[in-house]
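Visitor: So the chains spell out like this:
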Amino acid sequence: MNPIIETNKLTKYYGKSRGIIDLSLTVEEGEIFGFIGPNGAGKSTTIRTLLGLIHKTSGEAKIFGLDCATQGKKILEEVGYLPSEVFYYENMKAIDLLKYSASFYAKDCEGRIKTLAEALELDLTRKIEDMSTGNKKKVGIIQGLLHSPKLIILDEPTSGLDPLMQRRFFDLIKEENAKGATVLFSSHILSEVQRICDRVAIIKEGRIIQTQRISDLQKNNYKKVSFEVGTGVTPLEPALEGVTNFDAHEQKASFLFNGNVHLLLQDLLQQTLTNIDITDPSLEEIFMHYYADSSSLEGGF
Amino acid sequence: MNVYKFELKRLWGSVLTWSVTIALMMLFLMKGFYPAMMGSRVSVEKIFANFPPEMLVAFGMDVNRMFSYEGFLSFSNIYIGLLSAMMAVSIALQVFAREKRDKCTDFLLTRPISRSEVFWAKFFAGLTSLSIFGILYGVVVLFDFNAQNLTPLYENSLVYYILSPFLTMLLFFILATVYAVYSKRVRTIAGAATAFAFGAFILSAIVDLLEKDFLRFFAPLDYFNTGYVLEHGSFDFPLVITALVLFVLGTAVVFWRYNTHDVQAA
Numbered sequence: 012m013n014p015i016i017e018t019n020k021l022t023k024y025y026g027k028s029r030g031i032i033d034l035s036l037t038v039e040e041g042e043i044f045g046f047i048g049p050n051g052a053g054k055s056t057t058i059r060t061l062l063g064l065i066h067k068t069s070g071e072a073k074i075f076g077l078d079c080a081t082q083g084k085k086i087l088e089e090v091g092y093l094p095s096e097v098f099y100y101e102n103m104k105a106i107d108l109l110k111y112s113a114s115f116y117a118k119d120c121e122g123r124i125k126t127l128a129e130a131l132e133l134d135l136t137r138k139i140e141d142m143s144t145g146n147k148k149k150v151g152i153i154q155g156l157l158h159s160p161k162l163i164i165l166d167e168p169t170s171g172l173d174p175l176m177q178r179r180f181f182d183l184i185k186e187e188n189a190k191g192a193t194v195l196f197s198s199h200i201l202s203e204v205q206r207i208c209d210r211v212a213i214i215k216e217g218r219i220i221q222t223q224r225i226s227d228l229q230k231n232n233y234k235k236v237s238f239e240v241g242t243g244v245t246p247l248e249p250a251l252e253g254v255t256n257f258d259a260h261e262q263k264a265s266f267l268f269n270g271n272v273h274l275l276l277q278d279l280l281q282q283t284l285t286n287i288d289i290t291d292p293s294l295e296e297i298f299m300h301y302y303a304d305s306s307s308l309e310g311g312f
Numbered sequence: 076m077n078v079y080k081f082e083l084k085r086l087w088g089s090v091l092t093w094s095v096t097i098a099l100m101m102l103f104l105m106k107g108f109y110p111a112m113m114g115s116r117v118s119v120e121k122i123f124a125n126f127p128p129e130m131l132v133a134f135g136m137d138v139n140r141m142f143s144y145e146g147f148l149s150f151s152n153i154y155i156g157l158l159s160a161m162m163a164v165s166i167a168l169q170v171f172a173r174e175k176r177d178k179c180t181d182f183l184l185t186r187p188i189s190r191s192e193v194f195w196a197k198f199f200a201g202l203t204s205l206s207i208f209g210i211l212y213g214v215v216v217l218f219d220f221n222a223q224n225l226t227p228l229y230e231n232s233l234v235y236y237i238l239s240p241f242l243t244m245l246l247f248f249i250l251a252t253v254y255a256v257y258s259k260r261v262r263t264i265a266g267a268a269t270a271f272a273f274g275a276f277i278l279s280a281i282v283d284l285l286e287k288d289f290l291r292f293f294a295p296l297d298y299f300n301t302g303y304v305l306e307h308g309s310f311d312f313p314l315v316i317t318a319l320v321l322f323v324l325g326t327a328v329v330f331w332r333y334n335t336h337d338v339q340a341a
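From first to last, the protein sequence lines are chains E and U.
To convert a position in the first sequence, counted from 1, into my numbering, add 11.
To convert a position in the second sequence, counted from 1, into my numbering, add 75.
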């Protein structure tokens with residue numbers, strides 16, 4: 012497989028502030044590559060450096076084997092980008108903006124604009140400033156895909172889209188991927204990444220701490236369990252394998268669990284429970300647990 | 076070319092409004108105000124005699140000159156120059172702060188076009204807009220001058236009168252472009268254009284009042300002063316050179332900045 016995106020020790024500082032540090036990753040042709048991490052971890056900095064919107068401090072970044080710093084124009088001919096927040100020119104109709112966007116590519120994009128607008132149920136004759144956030148986002152999706160790019164870069168793309176439209180959006184991305192497009196999908200929502208990505212890189216404080224197949228990540232099916240016991244009773248840690256991060260305060264306790272839920276409930280029912288809550292842990296909680304010793308995992312696989 | 080066309084299309088209304096307004100003001104001054112003033116010269120001279128001399132200097136009113144056609148044209152040029160500076164600042168900010176104001180720099184700079192291509196497309200769209208005004212203004216001045224059936228004071232003095240507002244525009248265009256490219260946020264174009272022009276007008280007034288020769292370099296509105304043309308038959312050469320240096324240097328600085336700055340997320 013050909014690498015579509017390659018970074019080698021890519022570093023970006025904003026003055027003295029950390030952006031990304033020694034970030035090395037490879038995205039192969041045809042894959043949907045997730046890029047996850049909490050806000051401020053460096054996802055957008057990485058993407059903006061790849062797109063030439065900001066300039067690296069050191070290291071290398073290549074797309075299609077071309078240097079992002081010096082060959083941006085050539086690279087961008089085959090890149091579609093959808094930022095997390097979309098802003099366009101005042102007083103413009105969606106169709107005018109999309110035609111302007113299309114004018115930069117040596118392709119006839121008109122048919123494609125119509126097809127995408129129909130798929131997303133977007134009225135192109137309306138002024139963008141009069142549109143809802145969701146509809147503006149649809150304009151963003153169309154401008155990112157109208158030239159059938161070989162690489163699609165999505166930076167937290169689903170904010171502002173309702174669940175139905177999110178589903179349609181993911182279907183569109185999968186269709187593009189099936190036609191051969193490579194996708195870099197940045198998000199802080201684990202479920203989104205799990206939904207469509209083949210592999211995922213996890214970024215924390217500007218560094219990639221793990222690169223992993225989604226299938227491997229899903230094997231680790233963690234649950235966050237919180238429970239309360241009656242007054243005068245101390246909550247006990249379940250004596251089961253898979254219980255970690257147990258924390259108790261007065262009558263309340265919480266822990267992460269990865270194992271047989273049936274056995275867990277049997278164990279917990281031995282205590283006088285007054286309340287119980289079993290949820291998916293947040294991405295941050297998984298990070299805190301799963302990558303507690305992140306230094307030993309650096310470099311990925 | 077698409078960025079150039081896009082910018083011209085977006086500027087069209089503004090260029091037309093400014094150009095027609097300034098041209099009409101010129102016609103009003105030369106065809107309405109000037110003949111009326113000439114018709115009541117004695118009364119006007121009495122009024123001027125009651126004004127403090129400092130005020131007449133600050134507003135560019137030289138009574139001895141104002142009753143000749145070229146003298147009045149030169150006086151009018153002070154205010155035409157002021158409006159031209161406002162127009163130039165407005166055009167520069169519209170062109171170079173458009174994406175910053177609409178928070179869509181990401182959109183433009185992720186199209187397959189280099190930043191230097193975007194810069195020159197915008198730069199020449201701005202210059203084209205100013206040239207449209209320059210041509211229209213030239214036609215108006217020529218038309219009026221020919222209607223007067225006068226002989227110019229100097230062989231080329233008419234060329235200087237025509238070029239003065241346009242060259243002032245070029246200077247203010249580049250100054251405003253520096254502001255647009257370096258400032259983090261440009262809130263209102265009208266406010267910035269007014270601040271630029273009136274700031275420059277006050278500087279000119281102060282420089283005129285202080286009567287220190289070297290201070291004239293700090294009054295950009297007077298770099299192409301046609302009052303100087305009336306006395307010497309040409310522009311003040313050191314000021315022309317200074318304007319040229321500022322224009323070239325300013326262009327180089329904004330070109331460098333436009334190509335190298337980090338575009339932060341909106």
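To be clear, the hints were calculated from the coordinates, so they are not data collected in a lab.
Predicted model, so just to flag it, every value in this text is computed and none were measured.
Do not rely on the hints blindly, as some may be mistaken.
Which bits of chain E does chain U cover? Going by a derived footprint, with three or more residues having C-beta under 8 Å, they are [to be verified]:
#1 62-71
#2 78-85
#3 105-119
Quick reminder that beta carbons are idealized off the backbone N, C-alpha and C, glycines included.
Visitor: It remains to establish, for every hint, whether it holds in the given structure.
Guide: Hint check:
1. 62-71: holds (count 5)
2. 78-85: holds (count 3)
3. 105-119: With 5 residues in contact (Cβ-Cβ under 8 Å with chain U), the coverage given for the region 105-119 of chain E holds.
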